[in-house]
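Colleague: Sequence:
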Amino acid sequence: MNQDILAQARRFYHHVYNGGKLTPEDVSYMVSALEEAYEDHALFEKIKKRGKLHMMTKIEIDASMGIDEKGNITLDVYIGEGACEPVLEESKTLQFLIEDLLQAYTIPGKEKIAPCHLEECEQLVEALKAATKYAKKRIKELS
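Using our numbering, you'd call the opening residue of the sequence shown number 1315 and step up by one each time.
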């Protein structure tokens, strides 16, 4: 494992442990570091079988998504066993996410959706209609 990446991951851990918050880029960096560590898993298993492994550290990472009453999609990431406060809190409006998706379907340099993506856009509209219908039904059932 790259020792520089490992050192940065440790700095992030101590930053969070001491009450700091992480940016989405920090979390991405940590995930990359963990992925690189797991690439070395075969080597880890060999060392473990030979009895040369003295200590193993586990870091618990928990992420949860939700939707609030205004339709904002939220993401919270917790690091550490039994963590009470998220180290990352993101919230995006439904309109922002729709715009982001539709921009991905546009023709580069033009403000038009590529014809090959029109069916996917219709699927999005139908999924949003179905979600609205479901929400109304559940509200009525629970009222």
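These are computed hints drawn from the structure, not numbers from a lab. Fair warning: there could be bad hints in the mix.
To be verified - Straight line, CA to CA, 30 Å or less: simulated DSS-like cross-link-like pairs of lysine-lysine:
hint: 1; residue 1: K1406; residue 2: K1426
hint: 2; residue 1: K1335; residue 2: K1443
hint: 3; residue 1: K1406; residue 2: K1447
hint: 4; residue 1: K1426; residue 2: K1335
hint: 5; residue 1: K1454; residue 2: K1406
hint: 6; residue 1: K1424; residue 2: K1406
hint: 7; residue 1: K1372; residue 2: K1443
hint: 8; residue 1: K1406; residue 2: K1443
hint: 9; residue 1: K1426; residue 2: K1384
hint: 10; residue 1: K1426; residue 2: K1451
hint: 11; residue 1: K1443; residue 2: K1454
hint: 12; residue 1: K1426; residue 2: K1454
hint: 13; residue 1: K1384; residue 2: K1451
hint: 14; residue 1: K1424; residue 2: K1443
hint: 15; residue 1: K1447; residue 2: K1384
hint: 16; residue 1: K1372; residue 2: K1426
hint: 17; residue 1: K1384; residue 2: K1443
hint: 18; residue 1: K1384; residue 2: K1406
hint: 19; residue 1: K1384; residue 2: K1454
hint: 20; residue 1: K1372; residue 2: K1451
Colleague: Hints first: check each against the structure and report whether it holds.
Modeller: Evaluation of the provided hints:
Taking the CA atoms of K1406 and K1426, the gap is near 24 Å; set against the 30 Å cutoff, the hint holds. Taking the CA atoms of K1335 and K1443, the gap is about 36 Å. The hint is violated against a cut of 30 Å. For a cut-off of 30 Å, the pair hint linking K1406 to K1447 stands: about 22 Å separates their Cα positions. A C-alpha spacing of about 39 Å is found between K1426 and K1335, which places the hinted pair above 30 Å, so the restraint is violated.
Taking the CA atoms of K1454 and K1406, the gap is near 27 Å; set against the 30 Å cutoff, the hint holds. The hinted pair formed by K1424 and K1406 meets the criterion: a straight-line CA distance of about 25 Å does not exceed 30 Å. A hinted pair counts as satisfied when its Cα atoms are at most 30 Å apart, and K1372 with K1443 does not qualify at roughly 43 Å. Proposed proximity of K1406 and K1443 is supported: the alpha carbons are some 20 Å apart, at most 30 Å.
The straight-line distance between the Cα atoms of K1426 and K1384 is roughly 29 Å, inside the 30 Å bound, and the hint therefore holds. Restraint check: the Cα-Cα separation between K1426 and K1451 comes to about 35 Å, which exceeds 30 Å; the hinted pair is violated. At roughly 17 Å between alpha-carbon atoms, K1443 and K1454 fall within 30 Å of each other, so this suggested pair holds. Distance check on the hinted pair: K1426 and K1454 sit about 39 Å apart at the alpha-carbon level, beyond 30 Å; violated.
This hinted pair checks out: K1384 and K1451 have alpha carbons roughly 18 Å apart, not beyond 30 Å. As the CA atoms of K1424 and K1443 are separated by approximately 28 Å, the hinted pair is consistent with the 30 Å bound. For the given pair, K1447 sits about 16 Å from K1384 by alpha-carbon distance, which is consistent with the 30 Å threshold. The straight-line distance between the Cα atoms of K1372 and K1426 is roughly 48 Å, outside the 30 Å bound, and the hint therefore fails.
With a C-alpha separation of about 17 Å, the suggested pairing of K1384 with K1443 holds against the 30 Å cut-off. With a C-alpha separation of about 11 Å, the suggested pair K1384 and K1406 falls inside the 30 Å cut-off, and the hint holds. A hinted pair counts as satisfied when its Cα atoms are at most 30 Å apart, and K1384 with K1454 qualifies at roughly 18 Å. As the CA atoms of K1372 and K1451 are separated by approximately 43 Å, the hinted pair breaks the 30 Å bound.
Hints 2, 4, 7, 10, 12, 16, 20, counting from the list given before, are not met by this structure.
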